[in-house]
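Please build the complete structure, drawing on both the sequences and the hints.
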Amino acid sequence: MSDQPVTTGEDAAGAAGEIRPGMAFSGGFRGAGEGVPEELRPGVIETRGMNVYYGDFEAVSGIDLNFQYNEISALIGPSGCGKSTVLRSLNRMNDLIPSARTEGEVIYHGENIYAPGVDPVEIRRRLGMVFQKPNPFPKSIYDNIAWGVKINGFKGSRADMDDVVQRALEQAALWDEVKDKLKESGLSLSGGQQQRLCIARAVATQPDVVLMDEPCSALDPIATLRIEELMLELKKDYSIIIVTHNMQQAARVSDRTAFFNVELDNRGMRTGHLVEFSPTDLLFTNPKQTQTEDYITGRFG
Amino acid sequence: MSADTGRPVDRNFPTEDEYQVLLGKRTRRGTTAKFGFLFLLSLAVLGLAVLLMTIINDSFGLVAVVNQQEPEEIVASLGYDPGEVTLESLSKEDLVTVLAGGISNGVGRRLEREQRFFEDRLAFETQDKWDEVCASDEPPAGCSGGARSQGDVLLLVKERIVQPDIIASYGFFNSILGGNAFKDDIAGIFENTPERWPDYTFDEVRFQWRAWLNMTFVTTPSSSIPELAGIRTAILGSAWLVLFTVLFAVPVGVGAAIYLEEFAKKNRINDFIQTNINNLAGVPSIIYGMLGLAVFVRLLEPLTQGRTVISAGLTLGLLTLPVVIISSQEAIRAVPNSLRQGGMALGATKWQTVRSHVLPVAVPGILTGTILAVARAIGETAPLILVGAAGFITVDPTGPFSQFTALPIQIFQWASFPQKEWQNIAAAASLALLIMLLLLNAVAVILRNRYSRRMT
Ligand SMILES: Nc1ncnc2c1ncn2[C@@H]1O[C@H](COP(=O)(O)OP(=O)(O)OP(=O)(O)O)[C@@H](O)[C@H]1O
Ligand SMILES: [Mg+2]
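As you go down the protein sequences, you meet chains A and B in turn. Numbering of the first sequence is given in the numbering used here, commencing with residue 1 and proceeding in unit increments. Numbering of the second sequence is given in the numbering used here, commencing with residue 1001 and proceeding in unit increments.
None of these hints come from the bench; they were simulated from the model. On a predicted model such as this, the values are computed, not experimentally measured, just so you know. Among the clues, some could well be false.
To be verified - Below, a list of computed lysine-lysine pairs in the BS3-like style, where the Cα atoms sit at most 27 Å apart:
1. A:LYS150 x B:LYS1350
2. B:LYS1183 x B:LYS1158
3. A:LYS155 x A:LYS139
4. A:LYS150 x A:LYS181
5. A:LYS236 x A:LYS150
6. A:LYS155 x B:LYS1350
7. A:LYS150 x A:LYS179
8. B:LYS1158 x B:LYS1420
9. A:LYS133 x B:LYS1350
10. B:LYS1266 x B:LYS1350
11. B:LYS1350 x A:LYS183
12. A:LYS133 x A:LYS235
13. A:LYS139 x B:LYS1350
As the list claims (entries may be wrong) - According to the in silico footprint, chain A covers these stretches of chain B (three or more CB under 8 Å from chain A):
14. 1334-1348
15. 1355-1369
A virtual CB, placed ideally from N, CA and C, is assigned to each residue, including glycine.
The structure is reproduced here in structure tokens:
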């Protein structure tokens, strides 16, 4: 439970709720499923029959996904199939798009995050996000990281905060490069450094899950490799869900991969569907669906 | 310039020769456009230059003055050497003596009751009469206030004893280029209007170089004699107005803009509000004056005490409000969405995100728009006339409930008098108003730069 009172951003309607949101979200489930068959193990976050609309347009339909603790899950598929849409609906960032509407359930720690009374602010604090384009705040490197920690009610001293900042930067493999210029603007860094700063910023608030939308698409191969190493490092402490167009990347880092595809519905709308969600080695070596096989072998038409 | 690529020829594309002709045409058209725009720019610059030159022309130049009594004579009559001592350097005691010698005792007593001349003694009243007057139900201001300064008394001496009278004044450019033409001019004036200048001979006329905009002009209050009139009251009035305009329009305007841009849902009511704000920005200022008169001066009289600084300030605040809202909205809208997403994705509330990331980036833009709006408000005359700016007032405004005048009002009034000297001080006051605007803009630029440096 966050230390703050439930300050509702956009969902004031349900705030005076019967449900005390957050109680259910505060950990305790981790590792609960050791020894239980994989399919039955409760995931960190799970979608059930999720449809997302932009206005009248159904962008994705009938998504059932179950993401596991301390794993890297990759979302792949052709452009426009709704990967970003799915990712954004996992931490209610879609709420920021006025026309967006989500149906179905997204279960996080046993509770539907779209239920009335759930504060999206708390959801986002537990499911951090890294965007395709690095978007550091126009503030110092230090403040870029300290801000998210502070607004979530950090109680420690100045020295404690220094530690938090340092640890986050170390986790993001950026500490050595910036430790002498923490006061400089986050915008003065290179693109790859900025992206790692954004990752550091996201992990500093200690979320459960880190959602990443094509975090490497603006980076050169070396920076990309660094971020991949970083993800493998982070997965010890966090669950990571990553959207990527780079199938080698998905194959290299992810434990599980979801393949999406677009289908024309009867009204001629291009709606995204989940085609297959399997352990990565299986999906790439032995796909169950021909669509998947066509896509990963580049025979996609 | 063309290379033979061996590609098949597509007849829809121009041939090489046609292309060269077209290219020439396009280049010429571009050049024409460039010079056209340069010409338009020159027109704009010319217009501004002429405006500035007219004001400067009227603000500086030669004047031909006759004095009722020459300052040198006054100094000599006190036994000083006029070659060494000037009227301005006389002590307050001497000046009061001079004043007492030139005005009736009745006028002297009236002046003393307005404000006494000395702290420790009376110059015109007897002590008994003074005590009696001060003990009455409504004692005059002189009973409680402090004494006049040497400068105040000097002004009285000039106004009542020296009594300068300007025969003619000349513009800046005329004064520089005019040569000897002035003497003929003055002679002509004496000849043509003998009834106006019966007592003067040509030898008494003094030609003085005069900057109508000078420190004395800026620091003295208005007067019924143009040579002695100043704009202190008007400058202070304008300053108070700006203060209240800003205090009202900036918090309200920026707040409304934040709500509309960041929190308002897209629905009919908010669309309606937005459309109306846009329309209000175009409403003529006189209509705001009508509104100010009806609401602040009349309806809210118990609160505003009628025709006061605060009524006018709020009227100007309302007038600037739509522009402040619109320009703040634009500045807020220009902040990249990625910053909002970045903030929200860390689990910040909307307001935390807006305050920490959106507003700091928007501040320079908000400042620019606000300053432009306030600068327009400073120059507004029509609404001030309606809400009752005083045309002639010599008392400085001291707070929200003071009577006041403002620079544009003063300019408007002076410029409407027929004599040339009033035109001169109207021009000088205009120059002062322009300088005030420049200073305000400078403050805005400094604030903006300081903010921008912090950001990047
Ligand atoms: N803000 C929005 N408003 C309306 N429609 C949107 C919006 N964002 C996405 N869409 C639509 O939803 C569909 C899915 O978009 P989405 O961005 O999720 O695809 P994606 O798989 O991430 O594609 P890419 O790989 O190119 O990033 C597309 O048809 C897109 O046009
Ligand atoms: Mg995308």
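With the threshold set at 27 Å, check whether the alpha-carbon distance from LYS133 of chain A to LYS1350 of chain B stays at or below it.
21 Å, holds
Does LYS1158 of chain B sit within 27 Å of LYS1183 of chain B, going by the straight-line distance between their CA atoms?
25 Å, holds
Is the hinted pair LYS1266 of chain B and LYS1350 of chain B satisfied, with a Cα-Cα distance of at most 27 Å?
17 Å, holds
Can you confirm whether the C-alpha distance between LYS150 of chain A and LYS179 of chain A stays at or below 27 Å?
20 Å, holds
With a cut-off of 27 Å on the C-alpha distance, tell me whether LYS133 of chain A and LYS235 of chain A pass.
22 Å, holds
Given the hinted pair LYS155 of chain A and LYS139 of chain A, is their alpha-carbon gap at most 27 Å?
22 Å, holds
Compare the distance between the alpha carbons of LYS150 of chain A and LYS181 of chain A with 27 Å, and conclude whether the hinted pair is satisfied.
At roughly 21 Å apart (the allowed maximum being 27 Å), LYS181 of chain A and LYS150 of chain A satisfy the hint.
Straight-line alpha-carbon gap LYS155 of chain A to LYS1350 of chain B, limit 27 Å:
22 Å, holds
Closer than 8 Å Cβ to Cβ for three or more residues is the test here. Does the region 1355-1369 of chain B pass it with chain A?
holds (count 4)
Mind checking, does the region 1334-1348 of chain B have 3 or more residues with a CB under 8 Å from chain A?
holds (count 12)
Straight-line alpha-carbon gap LYS150 of chain A to LYS1350 of chain B, limit 27 Å
15 Å, holds
Hinted pair, alpha-carbon criterion (27 Å max): LYS139 of chain A, LYS1350 of chain B. Please report holds or violated.
Distance of about 18 Å is within 27 Å: holds.
Hint violations for this structure: none, all hints satisfied.
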